[in-house]
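Could you put the whole structure together from the sequences, leaning on the hints where they help?
Protein chains: 2
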Amino acid sequence: MPKVSEDHLAARRSQILDGARRCFAEYGYDGATVRRLEEVTGLSRGAIFHHFKDKDGLFLALAHEDATRMADVVAHEGLVQVMRDMLAQPDQFDWLGTRLEIARRLRNDPDFRRSWSQRSAELTEATMARLARQKSAGRLRDDVPTDVLIGYLDLVLDGLVARIASGHAGDNLSAVLDLVEESVRRRD
Amino acid sequence: MPKVSEDHLAARRSQILDGARRCFAEYGYDGATVRRLEEVTGLSRGAIFHHFKDKDGLFLALAHEDATRMADVVAHEGLVQVMRDMLAQPDQFDWLGTRLEIARRLRNDPDFRRSWSQRSAELTEATMARLARQKSAGRLRDDVPTDVLIGYLDLVLDGLVARIASGHAGDNLSAVLDLVEESVRRRD
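Each protein sequence line maps, in turn, to chains A and B.
First residue of the first sequence: 1, per full-length UniProt numbering; consecutive thereafter.
First residue of the second sequence: 1, per full-length UniProt numbering; consecutive thereafter.
Which chain B residues face chain A? A few, computed with CB under 7 Å, are given here:
hint, residue
1, 147
2, 148
3, 151
4, 155
5, 156
6, 159
7, 162
8, 166
Keep in mind the hints are simulated off the structure, nothing from the lab.
Remember, it's a predicted structure, so these values are computed and weren't measured experimentally.
In this text, a Cβ means the ideal position worked out from N, Cα and C, and glycines have one as well.
Right under this line is the structure:
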């Protein structure tokens with residue numbers, strides 16, 4: 001019965017990813033040792049790395065999972081809503097702090113950078129499609145090229161990730177996101 | 001002749017800071033070991049830690065040096081100009097990648113967070129003063145509270161630091177900063 005087996009594999013994969021997410025959030029990329037990954041998932045290293053090639057593989061799978069979820073929100077409500085969600089539940093995005101820790105690797109390791117970009121391509125595409133629709137509907141400002149608007153929203157998102165990772169996500173950021181949203185909208 | 005001695009101390013201090021900046025940029029916070037700090041400064045650990053209490057002290061002194069420089073630019077040309085400078089010479093701001101690496105410490109270590117905030121208070125004050133002047137001169141939009149505008153510019157700055165740290169500072173960021181600048185300006 002291959003179906004049962006596939007369900008089982010998917011559940012196991014999901015169990016590993018959930019544990020790894022907590023582990024990265026708590027200990028960071030370097031601190032998420034194989035031993036800690038075993039503890040937090042309740043599985044042996046053999047079982048873990050049967051599903052994922054190595055720690056990088058786990059990391060990229062988490063990035064992919066996030067990108068898929070975010071792409072879904074982007075498609076219906078836009079990238080600023082993704083940021084509002086992050087702001088509302090910063091605990092769920094704690095693990096993104098590891099994204100900052102790996103900044104040096106992104107800079108110096110072309111293979112890793114390529115894998116990382118592939119995983120987030122889905123989000124970029126969803127953002128581009130959303131902005132194209134908004135533009136057609138006359139809701140997007142048309143005096144600035146769309147790629148600049150995307151670059152702008154991405155930059156703000158990176159800032160928000162950094163802010164959440166260092167625990168400074170409070171205060172007036174909701175009003176700040178209103179300003180961000182308004183600055184890509186067409187003015188009446 | 002105490003004057004000569006003070007000059008000497010200042011020069012030595014500056015020599016240490018320049019070396020530490022390169023060391024942090026190349027190896028990151030954890031990778032900037034005492035041995036590497038000795039190599040890059042050409043000084044003994046005794047000499048280095050005569051001037052700075054410990055590695056944290058060095059790190060915070062660099063943050064303070066940057067904040068002072070940036071505050072000066074902010075006072076005359078605004079925070080967006082600081083960002084344009086960073087974009088024009090990303091190599092000079094490579095060391096800021098370490099700021100991302102220490103995100104977890106900023107979150108979990110209240111003493112460190114307090115010291116960090118003190119060091120950057122100067123920049124925050126300069127930004128507030130600049131925006132207050134711009135507002136009086138009628139150049140700042142007045143439909144959004146000034147603290148929200150500051151939060152907005154800070155968020156974009158954090159995004160830019162993250163971008164430079166991961167080596168993705170190219171493409172259309174200059175046009176993106178035009179958009180940022182325009183969105184805090186008063187509309188005619």
